[in-house]
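Trainee: Given next are the chains, with one letter for each unit.
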Amino acid sequence: DTGVSQDPRHKITKRGQNVTFRCDPISEHNRLYWYRQTLGQGPEFLTYFQNEAQLEKSRLLSDRFSAERPKGSFSTLEIQRTEQGDSAMYLCASSLSPWDRRYYEQYFGPGTRLTVT
Amino acid sequence: KNQVEQSPQSLIILEGKNCTLQCNYTVSPFSNLRWYKQDTGRGPVSLTIMTFSENTKSNGRYTATLDADTKQSSLHITASQLSDSASYICVVSEKKSSGDKLTFGTGTRLAVRP
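Protein chains in written order, with the numbering used here: chain A, 1 to 117; chain G, 118 to 231.
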């Protein structure tokens, strides 16, 4: 499968615990994005990377959230001291760089559904 | 504030019927508009991307229109199938020097009944 993959697909955790999600983008894609989607809503932007550099972070990304892409390939999103309001689907997407004429297309992974009890 | 509004919120149609979903946006400066299909519990999948100069674009039974003057788009589904049951999300891209920034609508949830 050459698409975007995410792991785990589902995560149930107790309030106060830390969780970490992983995203593996399409191999030739330089850009990687994280989104959060709550029930009945569209995805909301969290952050994105150009290779290993984190270029933009949304105000939604509180201090408890941290994302990394250390080698410019896979990325991790960690949530510390989880709260019930963190329950959502966390989507990862990847794309080529803006200077590539195929840039417009963002390919989404299947998402990680987080439930905080 | 950039916004994307979709209507209706939900829609139920019978298999074989046509339907049209609407999208209004206030994103500026405009780069492109995309329609995504999202099955329950899955990530969105792109149906079509339209730039400023494109008025109509088709992808099989899906036809998207764009009126950049009135900032409106529609997605028409012809001869619906049970597999069309999903959420359809309109996404408008804001042109920025670092690349496009996406604003997502809340989606239209479509249910196709036999």
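Since the hints were made in silico from the structure, they are not lab data. From the three backbone atoms N, C-alpha and C, an ideal C-beta is built for every residue, glycine too. Among the clues, some could well be false.
What the hints assert, rightly or not - Cβ-Cβ distance ranges computed for the label pairs, FRET-style:
{"hint": "1", "chain 1": "A", "residue 1": "Lys14", "chain 2": "G", "residue 2": "Asn172", "range": "46 to 54 Å"}
{"hint": "2", "chain 1": "G", "residue 1": "Thr180", "chain 2": "A", "residue 2": "Gln80", "range": "41 to 49 Å"}
{"hint": "3", "chain 1": "G", "residue 1": "Thr157", "chain 2": "A", "residue 2": "Ser73", "range": "24 to 32 Å"}
{"hint": "4", "chain 1": "A", "residue 1": "Arg15", "chain 2": "G", "residue 2": "Ala196", "range": "26 to 34 Å"}
{"hint": "5", "chain 1": "A", "residue 1": "Ser73", "chain 2": "G", "residue 2": "Ala196", "range": "37 to 45 Å"}
{"hint": "6", "chain 1": "G", "residue 1": "Arg178", "chain 2": "A", "residue 2": "Thr117", "range": "36 to 44 Å"}
{"hint": "7", "chain 1": "G", "residue 1": "Val162", "chain 2": "A", "residue 2": "Arg22", "range": "15 to 23 Å"}
{"hint": "8", "chain 1": "A", "residue 1": "Lys71", "chain 2": "G", "residue 2": "Ala196", "range": "45 to 53 Å"}
{"hint": "9", "chain 1": "G", "residue 1": "Ser127", "chain 2": "A", "residue 2": "Leu60", "range": "24 to 32 Å"}
{"hint": "10", "chain 1": "G", "residue 1": "Ser191", "chain 2": "A", "residue 2": "Gln80", "range": "37 to 45 Å"}
{"hint": "11", "chain 1": "A", "residue 1": "Thr38", "chain 2": "G", "residue 2": "Ser124", "range": "13 to 21 Å"}
{"hint": "12", "chain 1": "A", "residue 1": "Thr76", "chain 2": "G", "residue 2": "Asp186", "range": "37 to 45 Å"}
Trainee: Quick one: which hint numbers does this structure break? Sort them smallest to largest.
Mentor: Going through the list in order, the structure violates hint 4 alone and respects the others.
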